[in-house]
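> Listed below, chain by chain, are the residues.
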Amino acid sequence: MNTAADTPARNTKIMNRSDLTSRLVAKLKNEEAVIGGIGNTNFDLWGAGHRPQNFYMLGSMGLAFPIALGVALAQPERRVFALEGDGSLLMQLGCLATIATLGPKNLTMVVMDNGVYQITGAQPTPAAAVSDLVAVAVGCGLSNSAWAADEDDFERLVDRSLSASEPTLIGVRIDDKPGVGATRRDPVQIRERFMLGMGVREEL
Amino acid sequence: MAAAAEQTSSQIAQQKSWHEVVLQTLKRNDIRLVPYVPDRVLTTLIRSIHADPFFTCFPTAREEEAVGIIAGAWMAGMKGAVLMQTSGFATLANVLASLAVPYQIPLIMFVSERGTLGEFNYGQSLVCRTMRPVLDSLAVEHHTCTRLDEFEFIVDRSIKQAVTTQAPVALILSPLLTGGKVFDK
Chain A
1 MNTAADTPAR
11 NTKIMNRSDL
21 TSRLVAKLKN
31 EEAVIGGIGN
41 TNFDLWGAGH
51 RPQNFYMLGS
61 MGLAFPIALG
71 VALAQPERRV
81 FALEGDGSLL
91 MQLGCLATIA
101 TLGPKNLTMV
111 VMDNGVYQIT
121 GAQPTPAAAV
131 SDLVAVAVGC
141 GLSNSAWAAD
151 EDDFERLVDR
161 SLSASEPTLI
171 GVRIDDKPGV
181 GATRRDPVQI
191 RERFMLGMGV
201 REEL
Chain B
1 MAAAAEQTSS
11 QIAQQKSWHE
21 VVLQTLKRND
31 IRLVPYVPDR
41 VLTTLIRSIH
51 ADPFFTCFPT
61 AREEEAVGII
71 AGAWMAGMKG
81 AVLMQTSGFA
91 TLANVLASLA
101 VPYQIPLIMF
111 VSERGTLGEF
121 NYGQSLVCRT
131 MRPVLDSLAV
141 EHHTCTRLDE
151 FEFIVDRSIK
161 QAVTTQAPVA
171 LILSPLLTGG
181 KVFDK
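If you're matching them up, the sequences are chains A and B in order.
Number 112 in the working numbering belongs to position 112 of the first sequence; there are no gaps in the numbering.
Number 41 in the working numbering belongs to position 41 of the second sequence; there are no gaps in the numbering.
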């Protein structure tokens, strides 16, 4: 069998999801939307400090990018970030082609790739040793896709995405640490606060 | 005179095809976003929605992807509806139970019904039987649309109810309405 070490695309620094999420959130000054995928990606988004423009998924594995696409289409003037795990993205690879076809330039996707289903016991994904998810994204037509070499490179790619003329996908290789936050699991409250954050609701 | 006018307008209404009713009713209710996974029966509807610049209409790779897009758009202020076939609906139990229903998303689904009234593929007839039990198990509102004369009422009222009560709705397009798909080779 192939091993992860054989894959040239993984010649990048192993970073930490919570650290990268905090670095991203610290950059947000313009009420940017952030969609956190199922499990650890939204736990670390919660852990980075709640914002009204954050949306936390409590199921629907694989739909962080499609949900973010919907937000990006509805509000083309707002920057939309989506944080998704590698295992989650594997459930919904087809969405990369949809996003490439529609081409919303205000969408920045981050794939947190540790090669495992951390939350279920760190079992390797079927892609772990053999697949390059950034290459998959490029193959789907998302030409503005790249692995972040390290934390500084991640921040550079995030900054660059803000003025991109097409959607951006950033792959980050991360460790197998669990998320640090514990999202409050109240779907209606999450949705209502997010709608307030998106400016489509008024406080009662 | 009023009765005569009513009769005329009712006759005009009856001249509209079912897919014209869908397009016009979506428009009237400001439903602009229409992701879909295609079906033969939906071909004319999809073509006419694509041709109308009012709509943002595109195919997705899976039906649950379309549901995610609709959910995101709703939360950011844009209303949408998903078009699919019965077998596509069968892939949606997880996303209905974990996103559309608990987050109270007014997800409007048009499902072209395969698997009944002349089905020629046994698998389609089996998967069709899973649809209403899944909808009922989640208490999702659904209507099976069989008659053109009541179709506009059902579509218009169902869209308004979905939006105002923030709840999903499935409008099942019976072969009695659409003609369905018949064995042709």
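It cannot be assumed that every hint is accurate.
Claimed, not checked - Calculated from the model, a selection of chain A residues having no Cβ within reach of chain B, i.e. all distances over 10 Å:
no.: 1; residue: Ser22
no.: 2; residue: Thr101
no.: 3; residue: Gly141
no.: 4; residue: Asp159
no.: 5; residue: Glu203
Said to hold, decoys possible - Lysine-lysine pairs mimicking DSSO-like chemistry, simulated, CA-CA at most 30 Å apart:
no.: 6; chain 1: A; residue 1: Lys105; chain 2: A; residue 2: Lys27
no.: 7; chain 1: A; residue 1: Lys29; chain 2: A; residue 2: Lys105
no.: 8; chain 1: B; residue 1: Lys79; chain 2: A; residue 2: Lys105
no.: 9; chain 1: B; residue 1: Lys79; chain 2: B; residue 2: Lys27
no.: 10; chain 1: B; residue 1: Lys181; chain 2: A; residue 2: Lys105
no.: 11; chain 1: B; residue 1: Lys27; chain 2: B; residue 2: Lys181
no.: 12; chain 1: A; residue 1: Lys13; chain 2: A; residue 2: Lys177
no.: 13; chain 1: B; residue 1: Lys160; chain 2: B; residue 2: Lys16
no.: 14; chain 1: B; residue 1: Lys79; chain 2: A; residue 2: Lys29
Claimed, not checked - Quick list of the computed label-pair ranges, beta carbon to beta carbon:
no.: 15; chain 1: B; residue 1: Pro38; chain 2: A; residue 2: Leu162; range: 54 to 60 Å
no.: 16; chain 1: B; residue 1: His143; chain 2: A; residue 2: Asp159; range: 37 to 43 Å
no.: 17; chain 1: B; residue 1: Leu176; chain 2: A; residue 2: Glu155; range: 56 to 62 Å
Honestly, the hints are just simulated from the structure, not real lab data.
Quick caveat, the model's predicted, so the values are computed rather than measured.
Note that beta-carbon positions come from the ideal geometry of N, C-alpha and C, so glycine has one too.
> Hint by hint, say whether it matches the structure.
So, going through the hints one by one against the coordinates:
1. Ser22: Non-interface label on serine 22 (chain A) holds, nearest chain B Cβ at 24 Å vs cutoff 10 Å.
2. Thr101: violated (7 Å)
3. Gly141: holds (13 Å)
4. Asp159: holds (24 Å)
5. Glu203: holds (16 Å)
6. A:Lys105 / A:Lys27: holds (18 Å)
7. A:Lys29 / A:Lys105: holds (18 Å)
8. B:Lys79 / A:Lys105: The given pair, whose Cα atoms are some 21 Å apart, holds under the 30 Å limit.
9. B:Lys79 / B:Lys27: holds (11 Å)
10. B:Lys181 / A:Lys105: violated (40 Å)
11. B:Lys27 / B:Lys181: OK: lysine 27 (chain B) and lysine 181 (chain B) at ~27 Å, within 30 Å.
12. A:Lys13 / A:Lys177: holds (15 Å)
13. B:Lys160 / B:Lys16: holds (21 Å)
14. B:Lys79 / A:Lys29: Answer holds: lysine 79 (chain B) to lysine 29 (chain A) is near 27 Å, not above 30 Å.
15. B:Pro38 / A:Leu162: 54 to 60 Å: Given about 36 Å between the Cβ atoms, the range is violated.
16. B:His143 / A:Asp159: 37 to 43 Å: violated (50 Å)
17. B:Leu176 / A:Glu155: 56 to 62 Å: Since the Cβ atoms of leucine 176 (chain B) and glutamate 155 (chain A) sit about 59 Å apart, the hinted range of 56 to 62 Å holds.
The structure shown violates the earlier hints numbered 2, 10, 15 and 16.
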